[in-house]
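Undergrad: Sequence:
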Amino acid sequence: MKTMPILLLLLALGLAANVVLGPLGLGLIAWRVSANLINQTYGADAATLALVVPAALAAAWLWWRGRRLAAPLALGAGLAALYYAVAEVLGPDYTRYAGNNERFFPLFLAVIVLAWVVAARAWVALDPEPPRPAPWLARAFAAVLLAAGALLAVAWLAQVLDIARTGGLGQAAQAREYAEAPTAFWVVRIVDLGVIAPACLATGVGLWRGRAAAIKAAYGLAAFLTLQGASVLAMGAVMLWRRDPTASPALVYALAPVVLAAAAGTLALMRSYAGRAPAAARRRATAAAHA
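Positions 0 to 290 (numbering that gives the first Met the number 0) are the ones given, in order, by the sequence shown.
Note that these hints are calculated values from the structure, not bench results.
Here are the computed lysine to aspartate or glutamate pairs in the EDC-like style, where the Cα-Cα straight-line distance is at most 20 Å:
1. Lys1 x Asp126
2. Lys215 x Glu128
3. Lys215 x Asp126
Start from the sequences, fold in the hints, and give me the full structure.
TA: Set out below in structure tokens:
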């Protein structure tokens, strides 16, 4: 029996249970967060249920059928689920706000463990020498990666440097967001500035130059960036819709075309990955033809 389809199915069920039990569903999970973060939770939960859960289910089916697309799709779903679950555990202020989300920690822990196991196994299952995408596609997706990394750097570095220089945030909305949820603020900045932005920039530069390692990383990052970008966009859109005073229209308007471009690039990369044999297989076929 194949293990990965079962792990992916369990991951999808865990994510769905988390959303259904939360404020978007039955409301049994009362998060110890501010009103601002509740709005973000609505958006993140909606994106998880609408995108990440179906991606995990699709990856499970593809893996069961032995399809090549299973690995990059499973990697994207696993990384998105890991970000989502870790932020949910570390983001709340357990001494400041009323709630009960700590009682559901076994569920969050199960999602975290399943997510990193799925992501690790999916990365190993990716072709070590994946097919090279068409030059135009490689350059186009490299531009998307560079834009995503630059957007994160510009959006968050200005705030971090402002705090380092003055000890606080100058803009009233940002200062309020930071005062209401400092832990969640720093969790997002650490992950985005310490992991996601460098990965996007390094992979984008390597993909533009045609580096083999960057091509594999691009296939692995594509689905994750689309899912995570859609989640952030949903959070921002919900905050605008609910007239959250800490909402940032500029970030939403800047992120929307990046997410759409990432989605288009991901679809094109997935077709490239599924439709072309890896380099090692092509070399073996060429050698056999000339034998």
